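Chain order of the listed sequences is R and S. For the first sequence, the numbering used here assigns the number 1 to the initial residue and increments by one for each residue that follows. For the second sequence, the numbering used here assigns the number 1 to the initial residue and increments by one for each residue that follows.
These are calculated hints, taken from the structure and not from any lab test. As the structure is a prediction and not an experimental result, all values here were calculated from the model. Be a bit skeptical, because a hint or two may be false.
As the list claims (entries may be wrong) - Calculated pairs, PhoX-like style, for lysine-lysine (alpha carbon to alpha carbon, straight line, at most 25 Å):
#1 R:242 <-> R:167
#2 R:357 <-> R:226
#3 R:167 <-> S:170
#4 R:334 <-> R:167
#5 R:266 <-> R:372
#6 R:357 <-> S:185
#7 R:226 <-> S:170
#8 R:228 <-> R:357
#9 R:242 <-> R:334
#10 R:371 <-> R:242
#11 S:170 <-> R:228
#12 R:371 <-> R:266
Unchecked claim - Cβ-Cβ distance ranges computed for the label pairs, FRET-style:
#13 R:364 <-> S:92: 40 to 46 Å
#14 S:51 <-> R:307: 30 to 36 Å
#15 S:3 <-> R:444: 17 to 23 Å
Each residue gets a CB set at the ideal place from its N, CA and C atoms; glycine is no exception.
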Amino acid sequence: MSAVPATPQEPAKTRDLLAALGRILALDSLLSEREQTAPFDCDGLAAFRQAPLAVTLPQTEEQVRAILQLCSKSGVPVVARGAGTGLSGGAMPCADGIVLSLAKLNRILEIDPVACIARVQPGVRNLGVSEAAAPYGLYYAPDPSSQIACTIGGNVAENSGGVHCLKYGLTVHNVLGLRGYTIDGEPLAFGGAALDTAGLDLLALTIGSEGLLVVVTEVTLKLVPKPKLAQVVMASFDDVVKAGDAVAAIIAAGIIPAGLEMMDRKATNAVEPFVKAGYDLTAEAILLAESDGTPGEVADEITQLEQVVRAAGSTQCVVSRSEAERLRFWSGRKNAFPAAGRVSPDYYCMDGTIPRKHLGRVLRAIEDMEKKYSLRCMNVFHAGDGNLHPLILFDANQPGEWQRADQFGAEILELCVELGGTITGEHGVGIEKINSMCVQFSPQERDAFFAVKHAFDPGGLLNPGKAIPALARCAEYGRMHVHRGQLPFADLPRF
Amino acid sequence: MEAALAQMRDRIVAAHRAKSPLRLRGAGTKDFYGESVAGEPLDTRCHSGIIDYEPTELVITVRCGTPLSVIEATLAERGQFLPFEPPAFGADPTIGGVIAAGLSGPRRAFAGAARDFVLGASLLDANGELLHFGGQVMKNVAGFDVSRLLCGSLGILGLITQVSLKVLPKPRAEATLRFEQDAGKAFDSFNRLRSRPLPISATCWHDGIVHIRLSGSPSALRAARESLGGAMLDNDAAQTWWQALRNQTHAFFSDAAAPGQRLWRLSVPPAAPLDVSAVDLFEWSGALRWMVSDLPADTVRARVEKIGGSATLWRGHDDATMFHPLAPATLALHQRLKRQFDPHGIFNRGRLVRGL
């Protein structure tokens with residue numbers, strides 16, 4: 001799938017823009033040759049590609065500000081970008097715009113072990129924060145699977161989660177403050193090391209806003225003490241619905257595990273040859289439930305967890321006996337995506353969330369959809385918070401397979417909305433789920449989102465076309481929607 | 001649409017058309033909170049009741065007029081609670097008021113704020129449209145996070161008609177330790193404790209006494225008690241003490257509310273230096289400090305701003321504003337958001353920011 005070429009603006013206008021950017025940035029921080037900008041055509045969702053006019057890599061806040069002022073004045077769209085690990089095409093460039101990579105703003109400005117905060121630039125890697133805090137016995141809790149590569153700035157844009165967010169929260173619960181700029185280059189600061197600030201909660205509003213409201217240049221993070229011990233219970237079930245019921249039973253028993261994850265048989269069988277985690281390959285589903293805290297606390301909770309999952313009909317139940325074994329049990333879950341890449345040329349990861357009680361119904365519906373679209377799907381699941389990650393396996397080189405995978409995904413998301421859930425739990429809307437937004441929100445609700453957008457960015461220059469669909473787009477989607485399965489012009493790229 | 005909701009919508013539509021301001025009000029327990037507000041009262045208590053509660057999903061969905069006491073009793077039946085411990089101020093607020101004010105109690109520094117537990121909210125906007133944001137699931141990043149924006153908005157963007165909140169199981173056990181300590185020593189010990197993996201769920205210093213509450217498994221509490229020392233309060237006394245702090249029925253707050261006095265609520269970075277002589281009570285591990293002071297408002301605010309905090313004139317504001325002034329760029333965003341959501345300024349005009 002090759003990228004759509006950049007929109008040829010009036011050559012003089014582009015030349016002027018590049019010249020002006022060249023006055024702001026060092027020579028190696030402005031990329032405009034096609035071979036230089038190509039790596040920025042997409043993020044982790046490679047099916048959606050677009051060539052930008054140029055890529056900028058500022059090294060200072062002042063340069064960020066100058067770039068924004070220039071783009072605002074010249075009406076040039078700006079797409080901010082971190083490590084590009086996002087899975088919804090949120091960092092895909094605009095044809096007539098520039099990419100603002102924050103990767104070079106990668107300094108940890110401060111670790112304050114007394115206040116338990118870290119002040120970092122947006123290009124710092126998620127795991128880098130925990131590594132820097134480790135000498136003080138502290139860490140940054142949200143741990144998206146991509147944490148080795150993804151940046152804090154990207155986490156803020158997407159309100160990223162992770163496998164421990166049932167107990168420790170999402171990005172929004174762990175970010176104390178932000179500094180950044182509006183599209184006009186006006187400096188802003190929301191929140192800070194203090195817990196309350198006056199006025200509206202613009203900090204919460206900005207987190208998860210997918211680069212549509214402000215460009216963030218500094219983030220204050222909450223650090224938490226590292227638990228003394230963590231252990232995980234791995235339980236097998238001969239039925240996915242029973243495994244789902246076990247999750248409800250754990251919560252009903254008053255336990256909030258540090259992590260609570262489920263994999264179906266297709267997923268365990270795909271990852272086991274790859275990671276050799278020791279999964280029970282005959283089980284229809286396995287559940288991983290982690291307890292952390294003091295040794296006494298963990299011992300109590302593990303005993304309780306074992307009792308609850310046994311009572312819920314677990315066919316086999318193993319407890320990790322060492323840190324190495326705990327990490328091995330998790331390795332399959334954490335490597336589910338690359339494993340999918342090994343068993344299939346391409347995969348498409350979905351991210352719907354449902355009230356957990358509907359798990360059985362959704363998994364059965366997905367099985368039916370596998371037949372309907374003639375594609376396989378394996379399921380990994382943040383069981384504690386109802387966030388599903390069906391991985392639809394396909395081969396982009398086979399004509400029509402990507403289109404079928406795309407429709408398969410959209411149908412899963414519609415079911416999630418129908419059952420009271422949402423089209424995206426943690427990956428964001430980006431460009432990928434923009435049509436599904438029409439299913440979840442009414443025109444009036446989308447107008448309210450545009451009202452927010454307008455208050456921050458009246459010219460609509462920050463990451464335009466992402467996250468919120470325009471009215472016309474939903475009208476078009478509604479027409480296609482009626483004829484699902486017999487999509488008109490099915491071979492045309494729809495995005 | 002339900003009758004009570006339709007009635008409120010009609011009032012809003014009429015007010016919008018006439019450009020005449022409304023003053024949204026639940027039980028009125030926080031009438032003191034906010035800048036002065038003009039407008040015809042719109043009582044939200046007609047729209048009351050629990051819509052959905054699924055203990056195993058950890059979510060409760062309630063209408064705005066539902067009394068907090070009803071919600072807490074319902075949760076308690078299933079061993080659950082609202083971890084942000086919203087203050088009730090000695091009466092029974094509605095949940096709409098709790099969320100619109102966005103205030104949190106003693107557990108805030110350890111378990112999170114009101115906004116951290118908001119999963120979804122419905123809003124009647126100035127056009128009388130009923131809008132739904134967020135939802136009833138833990139993880140949801142579809143669209144801007146308007147439901148959390150509404151938490152603490154004091155009703156200036158519209159009428160919150162319904163909220164979905166994350167709830168948690170009550171801690172298995174709790175224990176409260178009491179120490180005699182001067183302010184400086186207490187502050188230092190809060191600083192030391194912050195980075196240790198202890199099951200602390202509230203801390204407070206006042207008048208030479210430190211209270212530390214522990215919440216968690218019995219074995220974790222045992223270990224923490226051994227490591228911290230101090231005298232243990234009996235359960236009822238502890239319960240009463242924290243409730244009094246949470247609801248501000250503690251003598252310190254009633255004394256400070258006497259006419260002619262100014263009570264300041266200072267939200268500061270937890271480890272920011274403590275002016276021992278000035279602060280009367282501090283909680284949230286040092287991040288929330290209370291002070292009775294006659295100093296001019298500008299002086300207090302300049303000092304607090306210097307250490308990265310903000311100062312609310314909690315009681316006794318007359319000429320001074322209650323809330324810390326906003327930075328110009330932030331104020332401009334507030335003005336634009338208000339104009340977008342409420343072009344004629346009919347909702348709680350001026351309550352969060354004077355003139356807005």
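Original post:
Would the pair residue 357 of chain R and residue 185 of chain S pass a check requiring their Cα atoms to be no farther apart than 25 Å?
Top reply: Violated - the C-alpha atoms of residue 185 of chain S and residue 357 of chain R are around 50 Å apart, more than 25 Å.
**OP:** Given the hint that residue 226 of chain R pairs with residue 170 of chain S, test it: the Cα-Cα distance must not exceed 25 Å.
**Re:** holds, 23 Å
Original post:
Do the beta carbons of residue 51 of chain S and residue 307 of chain R sit within 30 to 36 Å of each other?
Top reply: holds, 33 Å
Subject >> Status of the given 40 to 46 Å range, CB of residue 92 of chain S versus CB of residue 364 of chain R >> reply: holds, 45 Å
Subject >> Pair hint residue 228 of chain R and residue 357 of chain R, alpha-carbon separation not exceeding 25 Å >> reply: violated, 33 Å
Subject >> Assessment of proposed distance window 17 to 23 Å (beta carbons of residue 3 of chain S, residue 444 of chain R) >> reply: holds, 21 Å
**OP:** Would you mind confirming whether the straight-line C-alpha gap from residue 357 of chain R to residue 226 of chain R stays at or under 25 Å?
**Re:** violated, 32 Å
Subject >> Agreement of residue 371 of chain R and residue 266 of chain R with the hint, judged by alpha carbon distance not exceeding 25 Å >> reply: Answer holds: residue 371 of chain R to residue 266 of chain R is near 15 Å, not above 25 Å.
**OP:** Would you check the hint for residue 242 of chain R and residue 334 of chain R, treating anything up to 25 Å between C-alpha atoms as holding?
**Re:** This hinted pair holds, its Cα atoms lying about 23 Å apart.
Original post:
residue 371 of chain R and residue 242 of chain R: Cα distance at most 25 Å?
Top reply: holds, 24 Å
Subject >> Pairwise hint evaluation, residue 167 of chain R against residue 242 of chain R, where the allowed Cα distance is 25 Å at most >> reply: OK: residue 242 of chain R and residue 167 of chain R at ~23 Å, within 25 Å.
Original post:
If you draw a straight line from the CA of residue 167 of chain R to the CA of residue 170 of chain S, is it 25 Å or shorter?
Top reply: OK: residue 167 of chain R and residue 170 of chain S at ~14 Å, within 25 Å.
Hint violations for this structure: numbers 2, 6, 8, all remaining hints satisfied.
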